[in-house]
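A.B. asks: Listed here are the chains, written in short residue letters.
Number of protein chains: 2
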Amino acid sequence: MTAPRVVIVGAGFGGLSAARALRRADAEVLVIDRYNYHFFQPLLYQVASGLLDPAEIAHPVRSILRGQRNTDVRMDEVRGIDLHRQVVRCSTDIPYDYLIVAAGAVTNHFGNQDIAAHTMGLKGLSDALALRAHVLERFERATETTDERERRRLLTFVIAGAGPTGIEYAGALSELFVHLLPKDFPRLDFAPVRVVLIEGRNRVLETFHPRLGSMAAGVLRRRGVELVLGRTVTEADAAGITLDDGTRVDAATVIWTAGVCASPVGKQLTELPARFGRVPVRSTLQLPGHDEVQVIGDLAELEENGEPLPMLAPVAIQQGEHAAANVIAMSGGGAPTPFRYHDKGTMATVGRNYAVVQLGRIRVAGFVGWLMWLVVHLTYIISFRSKAVVLINWAWNYIFYDRPVRLITEVGPGRAAEQQTEEQR
Amino acid sequence: MTAPRVVIVGAGFGGLSAARALRRADAEVLVIDRYNYHFFQPLLYQVASGLLDPAEIAHPVRSILRGQRNTDVRMDEVRGIDLHRQVVRCSTDIPYDYLIVAAGAVTNHFGNQDIAAHTMGLKGLSDALALRAHVLERFERATETTDERERRRLLTFVIAGAGPTGIEYAGALSELFVHLLPKDFPRLDFAPVRVVLIEGRNRVLETFHPRLGSMAAGVLRRRGVELVLGRTVTEADAAGITLDDGTRVDAATVIWTAGVCASPVGKQLTELPARFGRVPVRSTLQLPGHDEVQVIGDLAELEENGEPLPMLAPVAIQQGEHAAANVIAMSGGGAPTPFRYHDKGTMATVGRNYAVVQLGRIRVAGFVGWLMWLVVHLTYIISFRSKAVVLINWAWNYIFYDRPVRLITEVGPGRAAEQQTEEQR
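Going down the list, the protein sequences come from chains A and B.
Each residue of the first sequence is one higher than the last, beginning at 8 in my numbering.
Each residue of the second sequence is one higher than the last, beginning at 8 in my numbering.
If you're looking for bench data, these hints aren't it; they were derived computationally from the structure.
All C-beta atoms, glycine included, are put in the ideal place defined by N, C-alpha and C.
Any given hint might turn out to be false.
[Said to hold, decoys possible] Short, incomplete list of chain B residues facing chain A, as computed with Cβ under 10 Å:
1) Glu63
2) Pro67
3) Ser70
4) Asp83
5) Val94
6) Arg96
7) Cys97
8) Thr99
9) Leu143
10) Glu144
11) Arg148
12) Glu151
13) Thr152
14) Arg194
Model the full assembly from the supplied sequences, consistent with the hints where possible.
C.D. replies: Structural data, given as structure tokens:
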């Protein structure tokens with residue numbers, strides 16, 4: 008009997024942990040991703056705020072899995088999945104005996120085309136680079152315009168959604184605007200600079216304990232972030248946004264972190280998607296009706312204690328390991344086992360010296376939380392080199408309130424966005 | 008009498024050294040560049056070969072000049088220069104009392120549209136990023152195709168022009184292909200991988216002493232680079248190139264380092280450009296007929312001992328300082344002095360442990376030359392932080408034959424180029 012072909016779709020936290028857990032398995036493993044790198048999403052906002060360079064949070068999948076003789080990597084776009092013929096359709100058809108789908112999630116604009124067209128996401132590495140260039144360019148433009156109203160618009164930065172990404176980016180931006188950019192733009196009046204964080208619920212960080220949420224909110228407010236709770240963005244255009252109570256905010260930059268939904272790949276796996284397009288799976292992570300297919304991470308909908316598991320890295324990582332174990336069991340004639348999530352807790356930082364941490368009943372906020380955040384994130388980052396560089400940058404930034412990486416290299420996207428705005432105005 | 012307005016066009020080596028030399032001058036200095044960063048061009052090939060990240064060789068102009076109270080920076084495109092009204096035309100008109108034009112040079116395709124369309128340059132930061140992504144993507148594609156001929160084409164990398172940029176990039180690529188990528192692509196046969204360096208003259212590095220050139224050529228050959236001397240590229244299409252002797256080379260990647268010419272800004276300054284569109288200037292760097300205008304760096308044509316000064320960083324830097332001194336003299340009622348170039352020598356590396364160095368009569372080649380190259384380049388790089396990071400990367404690369412930065416982040420350009428090739432094939 009030949010080794011089974013195991014195909015893993017997606018090289019995010021889930022797919023990568025599955026691939027690693029299969030390194031000693033008697034199987035032919037193939038990891039497919041449309042990019043050639045795995046990146047550490049929790050630090051993406053630092054790339055977007057010019058603190059880190061892409062290479063410091065991203066690493067080529069091929070070198071991560073280099074040591075694994077039984078594993079191959081393919082940079083390709085998944086065009087479809089034929090569950091009956093058991094092939095993944097890419098530039099060529101790729102047959103599988105076992106399939107692990109870890110395609111993750113994408114930004115959710117809730118079907119609003121205007122919002123999709125006039126806001127920027129913060130989900131991928133290219134989003135972060137485009138955003139970094141865009142934010143810095145607003146300041147360049149602000150120094151040039153003579154129109155007061157336009158300058159205020161250029162210097163207004165709206166973030167929709169106060170989840171971890173939203174509040175972490177809001178904190179990073181306010182730091183950038185308060186401590187650093189005034190030195191770069193000594194002749195620019197920073198009074199009109201605004202960071203507006205809009206959240207539809209009445210609290211920030213809903214996945215955290217309310218006390219932690221309100222503490223984080225307090226810190227953000229003290230750091231100059233305008234919090235607008237209980238309001239949602241209903242319209243977006245080239246000039247700004249409108250809230251559900253009719254409030255108008257003129258802004259040249261609107262960052263959309265108000266929602267994610269499952270990758271479109273999910274449509275290939277089920278006709279009856281769950282909330283946010285997630286794919287309902289059995290407790291064993293298997294796709295109902297297709298024992299050879301497992302779905303993990305943000306893409307999978309699995310309830311535990313009546314609650315769907317959150318879209319978090321630890322869930323994806325643990326499910327990846329579990330899916331690998333199931334494959335090994337099944338290929339050995341055994342049975343897959345149900346998945347149990349071990350809550351490792353969650354944390355979020357609002358910038359210098361302050362983070363909120365929640366480990367089951369233990370809740371920490373402030374400087375200690377920030378140190379915990381620092382340690383955890385540093386240990387997670389894959390390559391040693393990245394760690395060294397990240398440390399240097401963080402130390403540098405911490406001591407000198409400086410951000411090393413403030414290059415508008417993505418002139419393409421940056422300018423494009425700019426021109427687009429011009430035209431539509 | 009109010010302080011004169013000194014406008015500097017270009018934040019390259021020339022413009023920046025002029026701005027710095029004016030830091031104590033009683034003048035209103037404005038530096039205009041279409042990018043917000045100054046970058047260290049001599050190391051651009053390392054970004055293009057995935058050894059360094061952009062932020063390690065580039066730094067925002069605003070932070071470089073942050074300390075200078077009399078200096079402002081503007082990120083803008085120069086649309087024209089009105090020598091009579093004494094204004095630089097950008098998004099708004101910028102008047103000047105003294106103008107220093109350091110707009111530099113651009114890639115020269117010698118008017119061949121096909122070559123412009125089907126080759127990639129290595130002059131700007133975006134060129135380097137696009138090239139890095141493109142080269143890595145060729146290998147990804149090569150693993151996917153089943154067509155032997157197409158695979159050979161994908162794995163053939165042509166570099167036109169054996170000046171410093173050409174040979175340094177050829178050396179960097181051959182290292183990348185020999186030491187590193189085989190680990191990332193264990194299932195790919197590397198036998199068909201070719202690096203072809205084409206040079207119209209009968210020698211490489213014509214600005215160096217012939218002995219150094221032939222030594223460098225020897226090392227490149229030993230490292231697997233195919234040198235084609237005395238031949239020029241006459242045609243380029245989506246599938247490859249044709250040489251002047253009719254030789255056909257099928258290649259999916261053609262890098263054009265065969266020539267540069269003065270920035271189009273030069274046309275605003277003279278009706279009678281010199282060779283390569285450079286602007287002839289007086290020995291004082293002044294524009295004939297416009298004493299208040301000085302032209303420096305690659306853009307300026309100035310002969311010394313019957314030879315036009317080379318397009319090199321040291322020339323631009325020294326001319327920048329001299330132009331600043333002239334401005335200070337003139338604004339004080341004095342007279343500008345003629346410029347003399349102090350040859351600091353030139354150097355070029357062909358990769359690990361080997362560089363050729365020429366300091367007047369002193370000529371060094373090999374490991375010692377490489378150490379000198381290392382020291383000089385490290386000292387040149389502007390910010391401390393960059394130095395630290397660059398050191399880490401170089402050490403890492405030197406010890407582990409590894410290249411930290413191998414991300415295909417520019418999926419945009421990369422894919423675009425790809426699709427273009429597809430269509431045109």
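A.B. asks: Next step is simple, just say for each hint if it's right about the structure.
C.D. replies: Structure-based check of all given hints:
| no. | hint | result |
| --- | --- | --- |
| 1 | Glu63 | holds (8 Å) |
| 2 | Pro67 | holds (5 Å) |
| 3 | Ser70 | holds (6 Å) |
| 4 | Asp83 | holds (7 Å) |
| 5 | Val94 | violated (15 Å) |
| 6 | Arg96 | violated (14 Å) |
| 7 | Cys97 | holds (8 Å) |
| 8 | Thr99 | holds (7 Å) |
| 9 | Leu143 | holds (6 Å) |
| 10 | Glu144 | holds (8 Å) |
| 11 | Arg148 | holds (9 Å) |
| 12 | Glu151 | holds (6 Å) |
| 13 | Thr152 | holds (9 Å) |
| 14 | Arg194 | holds (6 Å) |
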